[in-house]
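**Q** Input sequences plus hints: build the corresponding full structure.
Chains as they are written, first to last, in the working numbering: chain A, 1 to 286; chain B, 1 to 286.
These aren't lab readings, by the way, just hints derived from the structure by calculation.
Please read these numbers as outputs of a predicted model, since none were measured by experiment.
Cβ coordinates follow ideal geometry from the N, Cα and C atoms, glycine included.
Please note that a few of the clues may not be correct.
Anything over 10 Å on all C-beta distances counts as not near chain A; from chain B, calculated [unchecked claim]: (1) M24; (2) N50; (3) I84; (4) T157; (5) A190.
Short derived list, chain A residues pointing at chain B, Cβ under 8 Å [unchecked claim]: (6) S46; (7) L141; (8) V160; (9) S176; (10) L267.
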Amino acid sequence: MNESTLTASSMQTAHSAKRVFRPGRMILRLILYILSLFIIFGPISSLLLWSFAEKWYWPNILPTDWGLLYWQKVMDGKMLQSLNYSFVIAIIVTLSSILLTVPIAYMLARFKIPAKSLLLLIFLLPQAFPQLPVFTNAMVLMYRWDLVGTLTGVVLTHLVGALVFSVWTLVSVFQSIAPAYEEAAVMLGASRLRSFFTIALPLAFPGIAAASLLVFLYSLDEFTGSLLIGAPFITTMPIYMYNAAMGYEMQVASVTALLLMIPGILLLVLLDRFMKSEYLSAFGRV
Amino acid sequence: METSRTLRPLSRSTSLAWLAGAAMAAPAVAIVGVLFIYPFFHSLIASFQNKSGNWTLENYSFIFSMYVRDMLFTVWVSLLSLVILLVLTVLLAGYLRLHHSSWIEFMFKIPLFVPFVVVGHAVRVFLAPHGTLNSALVFLTGNWFNPDQMPSIAFSTAGLVAALVWKNLAFSLLLVLGAFRGINNGYLEASRNFGAGTIWQIVDIMIPMSKGAIGVASVLMFTSMIGNFSIPAMLGNSGGNQVLMMDLYYQIVYQNNYGAANAIGVISYLVSMGAAIYYLRTVSRA
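**A** In structure tokens, the structure reads:
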């Protein structure tokens with residue numbers, strides 16, 4: 001994979017060295033740029049407009065009164081509490097799913113273990129089947145254990161989906177690290193445990209960062225489980241936003257939506273280099 | 001003790017490793033097992049039971065009398081979104097494979113980091129009858145365009161399809177682009193020497209050589225669209241056909257009819273499984 005991308009990029013530079021002016025290609029590129037701007041930022045810009053609109057009646061093209069009123073309103077109210085819940089839950093989910101899945105992913109990637117494909121299948125199911133019907137049944141279980149409406153309950157439901165992302169990403173991360181380094185270390189007398197901690201784990205760090213990122217965003221975004229299990233006490237941001245939108249509080253919902261987007265965009269910019277498409281292309285094909 | 005130790009160090013260490021491995025795998029497997037696999041089978045069984053726990057098919061006859069149109073609608077919406085998504089993705093990925101543009105690639109990665117609920121809300125605000133898109137069109141065409149005479153997009157099939165395509169763009173682009181980047185340049189250069197343009201390189205070389213990745217992407221997208229709940233929930237509808245997940249939620253929250261809800265759930269499993277079987281039969285062999 002790496003080799004071919006390398007040759008692709010070196011070819012790219014060779015290509016641009018003898019650049020010829022071709023108006024057709026320029027126009028195509030321009031159209032693509034404008035189209036991608038429109039497709040990606042069209043819906044997002046509507047959120048921005050709505051969040052700063054204090055009054056906006058049809059048929060005015062832009063809001064008639066602009067202001068920060070709804071930002072302030074949202075910051076004072078219950079929104080801060082759901083912001084808090086969302087982040088606490090996302091952090092707990094990320095840490096626990098990484099702790100839970102690094103060993104199992106390493107095992108799956110390195111050792112011939114029995115029922116390997118069954119194990120991998122187990123971790124594919126929550127992504128392969130609709131979650132709502134399953135979570136409604138899990139909700140009945142959680143009622144029995146008094147977990148509905150608790151932080152633990154929501155964390156557990158988020159973990160179900162989060163584990164899928166982190167297992168599959170981490171398996172392909174560990175598979176992409178050549179076992180020769182660890183074999184050499186074991187040959188020189190290191191224990192398997194030591195070779196794991198001093199060689200495999202540091203080499204896997206970018207991949208682990210990518211997996212944590214995926215899991216964190218998954219948890220922040222999770223709607224179905226939070227709606228069923230969290231209600232009525234744990235209102236995460238998506239649920240808060242859903243309630244606002246259903247009550248036609250467009251501004252409140254838009255402000256919440258923008259706040260929900262910030263961590264994702266930030267992480268996208270900061271960790272762009274960690275998000276290799278190679279990690280994702282292994283999904284479902286190990 | 002001493003003799004057994006010197007005689008069978010290997011088997012002892014392997015059984016220890018066995019135990020350690022099982023212990024490492026156990027918590028993650030337990031969470032998915034208890035909170036996904038058990039409820040999954042529970043919903044299967046409960047769909048054949050009435051409220052007093054007797055075996056019956058009445059849940060199925062009930063949902064088939066109520067929701068046949070919604071079942072077809074769900075499949076139709078998912079298939080339509082999938083086709084649009086695949087055409088867009090393949091064209092974009094093909095273009096990016098040949099003409100490197102980190103800017104366009106970055107733009108289309110954004111939807112991956114925008115939460116589902118936010119996408120639902122943004123598309124709703126963007127495409128609503130008096131939404132941002134129509135306002136912009138009125139402005140650009142100088143009041144010639146009258147949205148009140150147009151069918152509403154946001155609360156119809158088109159709104160749902162637009163939101164589903166928008167959200168899944170990034171993920172499918174990552175998967176397909178990963179596969180396209182893995183194609184050796186030699187093939188593409190050879191076809192260019194025979195005069196193939198961008199489109200023919202995509203159709204004749206890239207697509208056939210990445211059938212597997214495109215197949216996986218399609219199955220993953222399709223099942224996630226069938227099971228998606230947050231986007232239709234955010235978009236709402238204007239009283240026409242509904243997605244099955246909304247019917248399921250309605251049965252639980254407003255009717256408290258878990259039997260019917262589980263039967264709807266089983267139908268959605270069957271559709272997802274159909275996609276998975278198709279994948280196993282055709283794609284994984286290709």
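**Q** Is the interface hint satisfied for L141(A)? The criterion is a beta-carbon contact with chain B at less than 8 Å.
**A** Holds, because the Cβ-Cβ distance from L141(A) to chain B comes to roughly 6 Å (cut-off 8 Å).
**Q** Holds or violated: is the Cβ of I84(B) farther than 10 Å from all Cβ atoms of chain A?
**A** 12 Å, holds
**Q** Hey, is T157(B) genuinely clear of chain A, shortest beta carbon separation above 10 Å?
**A** The claim stands: T157(B) keeps its Cβ more than 10 Å from every Cβ of chain A (closest is about 17 Å).
**Q** Take the shortest C-beta to C-beta distance between S46(A) and chain B; is it under 8 Å?
**A** It holds, given that the least Cβ distance between S46(A) and chain B is near 4 Å, below 8 Å.
**Q** Any Cβ of chain A at or closer than 10 Å to N50(B), or is the non-interface label fine?
**A** 16 Å, holds
**Q** Hold the hint about S176(A) up to the distance rule: shortest CB distance to chain B must be less than 8 Å.
**A** 13 Å, violated
**Q** Does V160(A) meet its interface restraint, that is, does its C-beta lie within less than 8 Å of any C-beta in chain B?
**A** Hint holds; V160(A) Cβ to chain B Cβ min 5 Å, cut 8 Å.
**Q** Mind verifying the non-interface call on M24(B)? Its CB should be farther than 10 Å from each CB in chain A.
**A** 4 Å, violated
**Q** Closest CB-CB distance from A190(B) to chain A, is it above 10 Å?
**A** 14 Å, holds
**Q** Regarding the hint that L267(A) lies at the interface with chain B, is the smallest CB-CB distance below 8 Å?
**A** 7 Å, holds
When the structure is compared with the earlier hints, violations turn up for hints 1, 9 and for no others.
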